[in-house]
Every structure is written in structure tokens, then in C-alpha cells.
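Construct the entire structure; sequences and hints are all you get.
Chain order of the listed sequences is S and U.
Numbering-wise, the numbering used here puts 104 at position 102 of the first sequence, and it's gapless, one number per residue.
Numbering-wise, the numbering used here puts 118 at position 116 of the second sequence, and it's gapless, one number per residue.
Hints were generated in silico from the structure; no laboratory data involved.
Don't take each hint at face value.
Since the list gives no way to pick one copy over another, a pair counts as held whenever it fits inside one copy or between any two copies.
[Unchecked claim] Heads up, simulated DSSO-like pairs for lysine-lysine below, C-alpha to C-alpha not over 27 Å straight-line: (1) K45 - K66; (2) K91 - K157; (3) K185 - K45; (4) K66 - K157; (5) K55 - K202; (6) K28 - K63; (7) K51 - K215; (8) K51 - K63; (9) K66 - K51; (10) K66 - K202; (11) K91 - K202; (12) K185 - K215.
There are 2 protein chains.
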Amino acid sequence: MPPTRAVVLLSGGLDSSTCLAIALSKGRDVLALTVDYGQRHRKEISAAKAVAKRLGVKEHKILKVDLAQFGGSALTDERIGVPTGRTEKEIGRGIPPTYVPARNTVLLSLAIAYAEAAGADEVYIAANFLDYSGYPDCRPEFFAIFREVARLGTKRGVEGRPTRIHTPLIRTRKADIVRTGAKLGVPFGLTWSCYHGRAKACGVCDSCKLRLKGFREAGLEDPLPYETPPKG
Amino acid sequence: MPPTRAVVLLSGGLDSSTCLAIALSKGRDVLALTVDYGQRHRKEISAAKAVAKRLGVKEHKILKVDLAQFGGSALTDERIGVPTGRTEKEIGRGIPPTYVPARNTVLLSLAIAYAEAAGADEVYIAANFLDYSGYPDCRPEFFAIFREVARLGTKRGVEGRPTRIHTPLIRTRKADIVRTGAKLGVPFGLTWSCYHGRAKACGVCDSCKLRLKGFREAGLEDPLPYETPPKG
Numbered sequence: 003m004p005p006t007r008a009v010v011l012l013s014g015g016l017d018s019s020t021c022l023a024i025a026l027s028k029g030r031d032v033l034a035l036t037v038d039y040g041q042r043h044r045k046e047i048s049a050a051k052a053v054a055k056r057l058g059v060k061e062h063k064i065l066k067v068d069l070a071q072f073g074g075s076a077l078t079d080e081r082i083g084v085p086t087g088r089t090e091k092e093i094g095r096g097i098p099p100t101y102v103p104a105r106n107t108v109l110l111s112l113a114i115a116y117a118e119a120a121g122a123d124e125v126y127i128a129a130n131f132l133d134y135s136g137y138p139d140c141r142p143e144f145f146a147i148f149r150e151v152a153r154l155g156t157k158r159g160v161e162g163r164p165t166r167i168h169t170p171l172i173r174t175r176k177a178d179i180v181r182t183g184a185k186l187g188v189p190f191g192l193t194w195s196c197y198h199g200r201a202k203a204c205g206v207c208d209s210c211k212l213r214l215k216g217f218r219e220a221g222l223e224d225p226l227p228y229e230t231p232p233k234g
Numbered sequence: 003m004p005p006t007r008a009v010v011l012l013s014g015g016l017d018s019s020t021c022l023a024i025a026l027s028k029g030r031d032v033l034a035l036t037v038d039y040g041q042r043h044r045k046e047i048s049a050a051k052a053v054a055k056r057l058g059v060k061e062h063k064i065l066k067v068d069l070a071q072f073g074g075s076a077l078t079d080e081r082i083g084v085p086t087g088r089t090e091k092e093i094g095r096g097i098p099p100t101y102v103p104a105r106n107t108v109l110l111s112l113a114i115a116y117a118e119a120a121g122a123d124e125v126y127i128a129a130n131f132l133d134y135s136g137y138p139d140c141r142p143e144f145f146a147i148f149r150e151v152a153r154l155g156t157k158r159g160v161e162g163r164p165t166r167i168h169t170p171l172i173r174t175r176k177a178d179i180v181r182t183g184a185k186l187g188v189p190f191g192l193t194w195s196c197y198h199g200r201a202k203a204c205g206v207c208d209s210c211k212l213r214l215k216g217f218r219e220a221g222l223e224d225p226l227p228y229e230t231p232p233k234g
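This is the structure we're talking about:
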């Protein structure tokens with residue numbers, strides 16, 4: 003029997019790269035999908051390409067969808083600031099300006115479209131509920147309902163074999179994501195999590211802070227260079 | 003109170019143009035959204051532009067999303083043939099090759115993203131259940147579940163005011179869509195329904211056949227020029 007085919011959403015960050023490694027470790031025939039939705043910087047896209055190549059993904063599509071045309075997020079609109087220097091408690095409170103309207107809905111839609119066209123049975127997305135509790139589209143109930151969308155809104159669903167949507171990291175703490183990634187050989191130095199796109203990661207945006215905390219708690223060193231050296 | 007703002011998905015066809023006219027007739031402040039998803043021909047896009055302009059829409063965004071990269075549909079892949087000369091009974095049977103994997107899921111995702119970013123309370127989509135019963139993502143139960151996506155997957159939803167998704171034509175017969183459009187001043191001659199993109203509409207693809215039948219039953223003449231003259 004041929005291996006199960008899976009579409010893996012790959013942003014180029016720590017979580018999605020680990021999610022990709024998980025799908026590969028399960029023997030999946032992986033099609034990686036990176037959505038270039040008009041992020042303020044291009045580092046994520048090049049990180050995704052480098053990670054996919056290093057992990058030996060056979061097919062990697064980069065799809066442009068200019069969500070920046072809509073605006074409404076610090077990640078697609080330079081006029082909206084990215085918060086920096088927030089404490090963990092602050093990061094966990096409310097919906098941050100880095101929320102991109104309906105982003106995971108758009109990403110999953112494209113992933114199930116790709117899966118259906120390519121005959122893939124599964125979609126993997128690295129959403130995490132613990133660290134980004136402020137993002138509505140990272141909650142388990144959102145994914146539960148999206149599974150219904152795959153069942154009702156596609157040909158595969160009508161045929162009784164809807165694309166299965168996997169969220170293997172949904173309840174995994176960042177430190178455990180780092181540990182899993184390390185075990186599976188994720189090239190952390192090629193990934194990019196910082197909300198800015200400068201030569202080095204800033205170290206102080208929400209995403210850098212969560213990442214650094216994850217490495218610290220896992221007792222591992224983040225190979226990425228940082229502008230602000232991580233605190234012990 | 004300012005008028006309710008609504009995003010209207012506009013493909014440039016008969017149904018979506020009528021749907022747009024319906025939203026305008028209700029006094030909505032309309033933002034039209036056309037998704038250029040890699041259709042084989044460009045006539046739909048220019049039809050959408052012409053219709054939006056004629057009906058006086060203030061903001062009309064054309065968003066490119068290259069679903070043709072995925073393939074899997076006669077509408078995005080020239081190697082897959084568009085069926086022609088089918089009877090009504092044949093048209094209503096099974097999922098046709100013109101089905102674009104997860105198209106309405108992708109369209110609605112983008113519409114709720116746009117709505118959230120632009121502060122719109124409503125999304126209108128011209129899906130029709132009667133004529134295209136073969137398309138899974140035109141069924142009422144699909145839209146019911148997508149309303150849950152808007153509720154669970156967006157900031158607006160979390161705030162208790164999810165974007166409302168309207169399908170005003172979901173159970174309307176084509177002849178009644180034509181009658182409604184005529185009453186509301188839809189410029190039928192600017193719309194485009196044919197699956198081909200030639201100078202004149204072919205008159206024999208499923209979409210032309212349904213459209214011509216609608217006009218015939220409504221007792222109105224379709225102002226579009228056809229290669230194959232419609233039968234009385």
C-alpha cells in the first residue's frame with residue numbers, strides 16, 4: 003500500500019517545522035504548503051523553503067494570497083505596531099494586534115483544496131492552543147468545526163472520506179515542541195519565528211519570547227542569532 | 003446610524019450580480035470581492051469589474067489566489083474538459099468536472115477575512131442549491147456549518163457579533179433569479195456565465211444551458227450574444 007499522503011501547512015516557524023517533521027516521522031508522503039499572505043517580511047517564506055528542502059519534502063507549493071489587501075493586522079500592515087517586551091501574562095491576555103483576520107480559516111481552506119486536488123487524505127496544521135490562547139482560530143473547537151467543513155464542503159467528504167485535519171501540537175507546551183523537534187532533527191537554525199524580518203531575531207516580540215522560553219525550559223540552546231541576548 | 007456594511011462575493015455571473023443587486027437594494031454599504039482563482043479565462047473578472055462599476059459599488063477588490071496551482075478542476079486546468087450538450091437531468095447528477103476543490107470554502111474564508119478587516123457585519127454569497135445540486139459546497143448544510151466557522155474562528159465571533167453569512171438565492175429557481183435581477187436593474191449584458199471565455203457565450207455548457215433555461219422560463223431575453231442560438 004502506498005503511504006498516506008498529507009498536506010502540511012508550513013510557515014517556516016518552529017511549530018510548523020516540527021509539525022512537518024512529525025508528519026514525515028509517521029511515514030507520510032508530504033506535500034508542504036506555504037501561504038504567502040503578504041507578511042510584512044519575506045524571511046518566513048525563505049525559512050519555509052529551507053526547512054522543506056532540508057527535511058527532504060518532495061513537493062512544496064508557495065501560494066500567494068494577498069491578505070495585506072484587507073489589512074487589519076500588525077503582520078500585514080506596517081502602520082500597526084508589533085507589541086514588544088510584553089510579559090508572559092500579558093501575551094496570554096486578549097487578542098493581540100498580530101492576529102490576522104480569519105488566517106487559519108484561510109490556511110485550512112487552501113489546505114483542504116490542495117488535499118482534494120492532490121488526493122491527500124490528511125492535512126496537518128501546527129496550531130497551538132496553550133501559547134496563543136488569544137487567537138480564536140487556534141482553539142480546539144475551531145478545528146472541530148472545520149472538520150465538519152471538510153466533511154460537508156468537499157467532494158471527498160460527500161464520498162465519505164473527508165480529509166482528516168490533524169493538529170498534533172494543539173496542547174503541547176513550547177518546551178515539548180522544542181524537545182520533539184530536536185528529537186526529530188528539525189533544523190532550528192533554519193526556522194524563523196520573529197515577527198520582524200531583520201537580519202537577527204529581535205528577541206522581544208511575543209513570538210521570540212515564547213520561543214526563547216521554550217528553548218530555555220527544554221534546556222536546549224536556540225541556534226538562531228538574536229539582537230537581544232536571551233536571558234538565562 | 004450608518005448603513006450595515008456587507009462584503010459581496012462577485013464572480014461576474016448572473017447569480018452573483020443579482021446577489022450584489024439584492025444587497026444594494028437592502029441599502030447595504032457594499033464591498034465587492036472577486037477572487038481571481040486562476041479561472042481558465044479572464045472574462046469573468048472583467049465582467050465582475052463592469053457589473054460592480056455599473057451598479058455603483060464603491061469598493062471592489064480583486065484578490066488573486068492561484069488555485070490553478072492545485073489543479074483538479076475543468077475550470078482551472080485546460081486538460082480537463084468542460085462537459086457540453088448535457089441534458090438538465092444529466093447536469094443535476096453527481097459532481098461535475100467543473101467542481102473546483104473546496105472553492106466556496108476558500109471564497110467564504112476570504113470574505114470573512116475581508117469582512118473582519120473592513121468592519122463589515124455581513125457576507126453575501128450567491129450559491130444556489132437547486133441548479134447545482136452536484137456541488138457539495140452549495141448545500142444549505144455547508145453554509146450552516148460555515149456560519150459556525152465565522153463564530154468560532156474570528157475575533158468578531160469571539161466578541162459575540164460574528165459576521166452573518168447570507169445566501170439569498172440558495173433556494174431560488176434560475177427563472178426567479180432572472181426575474182429578480184431584471185427588477186433590480188442587473189445589467190445582464192455585462193454578466194458572464196459561460197465556462198468558456200470566447201467572444202460569445204457557447205450556449206451548450208452546463209452554465210449556459212441553465213442560464214438560457216432561466217431566461218426562457220422567466221419569459222425574458224438574454225441580451226448576451228451566443229454562438230449557438232438558444233432554442234425557443
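Tested hints:
When the C-alpha separation of K45 and K66 is checked against a cutoff of 27 Å, the pair qualifies both within a copy, at 15 Å, and between copies, at 22 Å. Taking the shortest Cα distances, K91 and K157 sit within 27 Å of each other only across copies (20 Å), while inside one copy they are farther apart (44 Å). Taking the closest pair of Cα atoms, K185 and K45 come within 27 Å of each other only inside a single copy of the chain (25 Å); across copies the shortest separation is 52 Å, beyond that limit. In this assembly of identical chains, K66 and K157 lie within 27 Å of each other by CA distance both inside one copy and across copies; the values are 24 Å within and 23 Å between.
Taking the shortest alpha-carbon separations for K55 and K202, only the intra-copy value of 22 Å comes in at or below 27 Å, while the best inter-copy value is 47 Å. Taking the shortest Cα distances, K28 and K63 sit within 27 Å of each other inside one copy (21 Å), while across copies they are farther apart (42 Å). Proximity of K51 to K215 under the C-alpha cut-off of 27 Å is restricted to the intra-copy arrangement: shortest distance 25 Å within a copy versus 50 Å between copies. Only within a single protomer do K51 and K63 lie at most 27 Å apart by alpha-carbon distance; the minimum there is 9 Å, versus 30 Å between protomers.
For the identical chains of this complex, K66 and K51 are neighbours both inside a copy (14 Å) and across copies (22 Å), given an alpha-carbon limit of 27 Å. Within a single copy, K66 and K202 get their C-alpha atoms as close as 25 Å, which meets the 27 Å cut-off; across copies the closest is 32 Å, which misses it. With identical chains, the CA atoms of K91 and K202 are at most 27 Å apart within one copy only, with a shortest distance of 25 Å there and 62 Å across copies. Taking identical chains as interchangeable, the C-alpha atoms of K185 and K215 lie at most 27 Å apart only when both belong to the same chain, with a minimum of 18 Å there against 63 Å between chains.
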